[in-house]
Amino acid sequence: MNRYTILIYTENFIGILNRITIIFTRRGINIDALTASESRLDGIHKITIECTVTEEQIIQLVKQIEKITDVIKAYYFMDSEVVYQEIALYKLPIDSLDASLEKVIRQYNAHIIAAEKEFVVVEFTGHKEDTQALLETLKPYSLLEFSRSGRVAIAKPRFSVSEYLNNQTL
Amino acid sequence: MIRGADIVVRSLIAENAKHIFGYPGGAIMPVYDALYDYSDQIRHVLTRHEQGAIHAAQGYARVSGQVGVALATSGPGATNLITGLADAMIDSTPLVCITGQVAAHLLGTDAFQETDVVGISMPVTKWNIQVRRAEDIAPAIAKGFHIARSGRPGPVLIDITKNAQTDSGEFNYVPCLSIRSYRPYFEVKKDEVQKAAELINAAKRPYVLYGQGVVIGKAESELKAFLDKTGIPAACTLLGSGALSEEHPSYVGKLGMHGNYAPNMLTNQCDVLIAIGMRFDDRVTGDLKRYAKQAKVVHLELDPAEINKNVFADAPVLGDCKQSLSMLNQAVNPNSHEDWMSKFKELELLERESVIANDLSPTKVGLTMGEVIRFINQYKADDAILVTDVGQHQMIAWRYFDYKTSKTQVTSGGLGTMGFALPAALGAQMYDYSRQVICVVGDGGIQMTIQELGTIMQTKAPVKVVLLNNNFLGMVRQWQQMFFDRRYSFTELDNPDFIKLAEAYSIKATKVSEREGLSEAVADMLMHDGPYFLEVVVEKEDNVFPMIATGCSVEEVRLS
Ligand SMILES: Cc1ncc(C[n+]2csc(CCOP(=O)(O)OP(=O)(O)O)c2C)c(N)n1
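So the sequences go chain by chain: Y and U.
Under the working numbering, the first residue of the first sequence is numbered 1, with each subsequent residue one higher.
Under the working numbering, the first residue of the second sequence is numbered 1001, with each subsequent residue one higher.
So here's chain U without its partners, still in its complex pose (with noise of 0.2 Å):
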């Protein structure tokens, strides 16, 4: 018989987890008295806030294909995590959460620090459960294991009384490998496969949009080997990006509101349609009553409930991305799209000259975000990782980045949560310390969890910031000026020193606000042993482009 708490962190190990990142309190403080004695076989890392902790298993979880952890007392502990679960939930990240909880005796009597955290968190995580007996503890956790990580990845709470914790139990830690109520894989039909691989051979102008499905599927080499064999123009969404090279011949570019010119308007021309592990995000599609229409949709998907519910697929392949386009490999005949592929250069030409030439290589005095990421590309490691927080800089690093291998792009897609990129970029950085890891930020979205530069002084996780400051919430800003007569309804910021800031919690910081230097500057950042914080003050009133409006359709996608 051992202890609950010691029973938790023993199956946290017996599940394999390195690290976990948590902030302690009443109700969880058993489980940190027992990491205590574990502290060589699991590393706890210690926030600022809950919030940073599980931004930072989510970096963590996003960039190592983990189950990521993270630990939090009773009430406000558990419900600054919530922000976390609704990110991971839309975002498919997963998670596993263990939230302190008041002794059973006391639940439901309003008891200090009690909230019904199962309840708040119940329509935000993929499962949740209320655990009230040590005995409990190890099933509860394995089961929490087997759902966060199997079938359409997700997060997952389990919330444990305080007696839970200081009772002991037997531990014998059984891993969950089936749940009879759960069915996170499906056998792929061959007919399905057989019925999408007779459209793809006989499409004009087949057209591949893939997502994040492939990066959580790893089904990269598979994605890869169809574009080889099929000559088939490719484009990703934001999440998708680096399953493929951009390198790679069949590769068009980027999909969605701020993605590139011709993926979006050739949406509208295709013959075939074929998405892969990718679920039609409105951001992706604009007004899905004119999106590709004209269209026959292949769509290659594990999660049933995305089958038919944005955009209705002619030819659904319902099933793990990998074993789907293995199948689909055999059954697909070679071919070269010279004409249709010809399309998207063109078209691409003209982003060029319109908006990508002055994005990387203004002529203006004042400085842009696209040049600040074309001297990241220029110095930086192939397998660096990219980690953004929300916003115009969001949207430009997305943009200009160089992906060249998986699992390199961490950012906040479906939730759009400003104050994500600190603390996942030191998440990402905790699971490879050798790794570059590169955090693009704005002056806005940096305040919101900017407590975690002290997190990042304590570990020395040796993360480079990349703060782009225009002194505004920029994308806020941009939608003012486009659609509210410029009316700049506070969207200005009056910031603080962020050099001080940075130095404050002895990270090495360098401000850049002129052309001459930010190539060095950027240089010596990547060069750095050690975090560093590198502030470029940029103009302020850049805009992205190109843009599909709220509303419009992918073939309305504007260049200025």
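Bound-form chain Y, shown alone (with noise of 0.2 Å):
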């Protein structure tokens, strides 16, 4: 089994994301992280699904996406071959905010990004070994709330789905 990155360039209709997870649910495949958005093209969305699958699997996992009618185009990559991104969020109490936690998160090149009367924000991005690694390193400071984002993938290899597109002729 591989960890793979599927980047999908969909139409944006509702219930397209449905249809996408039912072909990993009928198989009994896990998706260990999913994210959503407008792409860069009007109207596009980008979903960017990471999984955990054999070859095998991967090669039919993308060509049943890339079967449903308002899917552009679906490629999937090894992680080797995209550059991806985490974003994770800690929430401590105001009180925790000592000179050692201050060094921590100048350490991980963290940031904080909200401070509020109770509390503070720590946002921090890269792969999840990373943002594991800062999470084991917060609790002991009475972490309060943590949330992680999927990934956000950019592949290596070159393709444009505009010019897809454009090369549409049937």
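Read the hints as simulated data drawn from the structure, not as lab findings.
Glycine included, each C-beta is placed from N, C-alpha and C at the ideal position.
Take these hints with a grain of salt, some might be off.
In the PhoX-like style, the derived pairs of lysine-lysine whose C-alpha atoms are separated by at most 20 Å in a straight line are [stated by the list, open to error]:
hint : chain 1 : residue 1 : chain 2 : residue 2
1    : Y       : K63       : U       : K1309
2    : Y       : K67       : U       : K1143
3    : U       : K1508     : U       : K1540
4    : U       : K1309     : Y       : K67
Listing some non-contacts, in silico: residues in chain U with all C-beta distances to chain Y over 10 Å [as the list claims (entries may be wrong)]:
hint : residue
5    : K1018
6    : T1115
7    : Q1130
8    : P1139
9    : R1149
10   : N1163
11   : T1166
12   : H1248
13   : Q1294
14   : R1352
15   : G1366
16   : Y1379
17   : Q1458
18   : V1537
19   : E1555
Mind docking these for me? Both chains are given alone in their own frames, and the hints should help you get the complex.
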């Protein structure tokens, strides 16, 4: 099994995410993380899915995803073929903010992005291993809340969805 | 500006839909009201159950090659379509189903007869959509028809809220010709054809398997030309039957669990396997680990997701097989394969002696399903359509029916839906009253949709129903006999008097229990002008052979 990133470009229609996820459900495959957002192109959404499967499975999954009428194009990549990041937010009580915590934040190159009367929110971006490491480090500081996004990714190999759309003749 | 409900009907007319099958209810009533005004341009057939409506639409689509249309109300009306959608999805049947939905402002409130049919039907539709505004109806229907019939066909569901039906909108029908995110066809690549041709030209024991893709792709004459030129033996899948006349010299029989002996056995002896418009269903391949491992595989297929799905293709040819076959026909050498062909003939002889003879001309007292089909062959028209349900009778009818022309086989293949036959036969008959439509069905399956006798009565569709009554859920009983120590757990049926039942629907009915009179009864039925119900009481515990048991390899096909 390998960890793969699937990049999916779709029309922005209701239900499209459901159509994609049932492909996984039906095969009993877990989605490790999922992010959806508008893409650079008007009206086209980009969905990023991370999953751990065999090569045979990923090929099938992507073919099935691409078969969905409202999916424009789907690609899959190994971790080594994508640049990717995840963002994590950590909420800590204001009293825990002492010199040692500040040192941790500096070491990790994390940022305090909000400071309220009762708490601060620290933001940190990286791979899951990195955000996880910071999580473990922050636990002793009476961590109140933690939230982590799915991965966003950019593929290293060159491909262009707009070119693909322009070349659609059929 | 016209009412949304009128837009629905006029869009269907614009798509050239001549027949629609449906059942009314609150949320679709405006459309029914509109249908009242257009009955001279589009014929609505009122079935007795929404499952009947969608199976009828499937039967219609399969024999016409056109998109079948079904109509239902929200909630239970819509959920009653689900089995048919799943069936059409797996058998690639083009359908557009229109369901009514509660008014848009009630969505999500658990309103009366509100069901999330778009959500429920998602895994069993090629595409679906909910329409909430009158002006969006025509574009959705246009898109639906395009998606249903193009590429690998499939069912589409369009859910229309009641307010969209009653509100008014502009109507200017623009057919949908392309969708930017959707690629139904692929240009066939010359190098792929070339590679396939090289394998075929070098082959000593090439073998063709053809499926429904040939029928859907209207590639029957290209397939025939290919076989005429190359002399390669060819076997068909369940849904491929009819794509090639069984009298063609290349034709060697049928594949799969209850197919013929030689075609299964020799799959593991060919050197090049040429699959055309078929998807290597597990009922065809048996154990994949022991399936045609010795062969190089050429796969002509329109759906990219089918290539390498079950069987790895050494030479895939992506694209419509009408195009790829005609290109391949240019590239292959004329040939004949007499020695190889004679292997099929040898094994066929074995099957004739040990199975077919007893099926078709039994010496025992009880009637066999096979001899009924033999008499049907004797009296039927060349282009008669065979519609079957699911079970032993389906396999026997498929094995012995004389398929002479394309689009003569209507059955539930991938889903194996009992209850399919009676409504599907009705739908097939609605397409063409002049064609013989013979519906072969079991005593179990007919009772799943027997209410459609009412639709046959009302439409006077001249369907010939042949009930092969063994008083058992025969196919399940056969498995119980073979794999569960004859423990006949809940498979024996106490049946009603089917003849009285048919007569209650004013359908002429005859029952035959003895060999004497069978031939005449079949002849009478086929000559009868109008619907007919023939019940044949057959041997209770007959089995279908050959058989490849689940998990076995194609070469473990057994004759008894
Ligand atoms: C809707 C549905 N339920 C259950 C089955 C499982 N099944 C397959 S064949 C069969 C028996 C069919 O019996 P009958 O209609 O009498 O036909 P026969 O096999 O006797 O010819 C059953 C129950 C099915 N295919 N479809």
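*Decide if the proposed pair is consistent with the structure: Y/K63 and U/K1309, CA atoms, cutoff 20 Å inclusive.*
holds (10 Å)
_Quick check for students: does the CB of U/T1115 sit more than 10 Å from each CB in chain Y?_
The assertion about U/T1115 holds, with a minimum of 15 Å to chain Y.
*asked:* For U/K1018, is the shortest CB-to-CB distance to chain Y above 10 Å, so the non-interface label stands?
replied: Fine: 26 Å to the nearest Cβ keeps U/K1018 off the interface.
*Since U/Q1294 was said not to touch the interface, does its Cβ keep a gap of more than 10 Å from each Cβ of chain Y?*
holds (22 Å)
*Could you let me know if the closest chain Y CB is still more than 10 Å away from the CB of U/R1352?*
holds (41 Å)
*Measure nothing beyond the straight line between the CA atoms of U/K1508 and U/K1540; if it is 20 Å or shorter, mark the hint as holding.*
violated (25 Å)
_The output says U/R1149 does not contact chain Y. Does that hold with a beta carbon cutoff of 10 Å?_
holds (13 Å)
*Minimum Cβ separation between U/G1366 and chain Y greater than 10 Å?*
holds (44 Å)
_10 Å Cβ clearance of U/Q1458 from chain Y_ = Check passes; 37 Å lies beyond 10 Å.
*Against chain Y, does U/P1139 keep a CB gap of more than 10 Å to every residue?*
Fine: 13 Å to the nearest Cβ keeps U/P1139 off the interface.
*Can we confirm that no CB of chain Y comes within 10 Å of the CB of U/E1555?*
Nearest chain Y Cβ is 25 Å from U/E1555, so the label holds.
*U/V1537: least C-beta distance to chain Y exceeds 10 Å?*
holds (42 Å)
When held up to the earlier numbered hints, the structure conflicts with 3 and 7 and fits the remainder.
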